[in-house]
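Asks: First to last, the protein sequences are chains G and X. Taking my numbering, the leading residue of the first sequence gets 1, the next gets one more, and so forth. Taking my numbering, the leading residue of the second sequence gets 1, the next gets one more, and so forth.
Honestly, the hints are just simulated from the structure, not real lab data. A few of these clues could be false.
Example chain X residues on the side facing chain G (calculated, C-beta under 10 Å, incomplete) [claimed, not checked]: (1) Y22; (2) C25; (3) F27; (4) M29; (5) P54; (6) F60; (7) R62; (8) G69; (9) P70; (10) L84; (11) I85; (12) R87.
Only a predicted model underlies this, so the values are computations on that prediction, with no experimental measurement involved. For glycine and all other residues, C-beta sits at the position ideal for the given N, C-alpha and C.
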Amino acid sequence: MAERFAVLPCNGLDKAVGPLAREIALMVVEACQGELICPVLYNNLPAHYAKALELPLIVVDGCGTRCASKLATEHDLKVRRKLQATDAFKEMGESRGEGLTPDPERLALCRLLAERLLSAPDEGTALGSEAAFAEPVEYATVTHDKFIFRIPMKGYLFDENHCWAHIAGNRARVGIADYMQQELGDLTFCELPQIGAEVEQFGEIGSVESVKAVSDIISPVSGRVVAANAAVVEAPEIINEDPYVKGWVAEVELRDLASDRDLLLDGEAYLALVRQKAAEYRP
Amino acid sequence: MSDETFMGVPRERIPWYPTIDYSKCDFCMECDKFCPHQVYARREGEVKLVVAHPTNCVVFCRACAKTCGPDALSFPNKPETIELIKRLREEGDDG
């Protein structure tokens, strides 16, 4: 008997992808004898699903607005697995169709995605290599008005999208720089990459959202995601408080650091960039 | 700001910005509301939204596309853009 799940899908009934998310959710629930959570009713009457939510949770978003994921975050739900239908169809190189009623081909693809979800690894469960990244970090600072931006000077490489990679052996942890977390302001949401995913240099390795804006996290390095930091999903403010150490987002097994490095900045060069940016900084 | 550079390359030489597919766009303006860099601008008339300031767009950022319900925004191919930046950097070194 497969593990049972509660499934919280998108309710995007007015877009082609919404009904696809709904079909995937129904197929998962059917296959694992799970529980379906209606996002509208859950939003109004969460207590109705208290029992169902004792099961591990799968979230199925339709489009990039990720309403279902956000609903889960607002209610402090722990998400075990998730899928976003628009991206999933893109990854398969398939059209998500136009109409509001999925055709048989779309339904077959939904079934495939539902099966994959049931056999997928859990979100952010693989443990990172704590010991390898435990060295104390020394910072240089750039001050502008009342703002102080910290930059770790050793062991970190940066891209010009203000994301960092902390290198230890053949692995790197990736996260966002102090400058970016201050620019975004208080973070309310962090999305992690899937464990096992291959990421290209400057590819997306998650996203962060604040009261002001959403930003992709751009990986400075290429490789395979071996761990993701579940702590920052539960408490995104960790990234505000400690962006370079506790606020790591993903851990990557490096593919070609020598080549990646050509396009990255070391602490010294990134310090110069932040100096230049800070001069024109207006939050 | 024409003196902006990205990875050592003049920003205007990097063709990274969104393209609006007007056959899909329903002018809901979510992308314009979202983007803090004034890449988009609203217009009177039939075409109510344009990419007005393409070089304001943050290279490799595609976040606005995620706000687009009808999936009307597209960006250049990322690996090809990286190759182009590498080439332009080498040219810059030679010159």
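Asks: Take the hints in turn and mark each one as holding or not.
Replies: Consistency of the hints with the structure:
1. Y22: violated (16 Å)
2. C25: violated (14 Å)
3. F27: violated (16 Å)
4. M29: violated (14 Å)
5. P54: violated (17 Å)
6. F60: holds (5 Å)
7. R62: This hint holds: X/R62 lies near chain G, its Cβ roughly 7 Å from the closest one there, short of 10 Å.
8. G69: holds (6 Å)
9. P70: holds (8 Å)
10. L84: violated (12 Å)
11. I85: Holds, because the Cβ-Cβ distance from X/I85 to chain G comes to roughly 8 Å (cut-off 10 Å).
12. R87: violated (12 Å)
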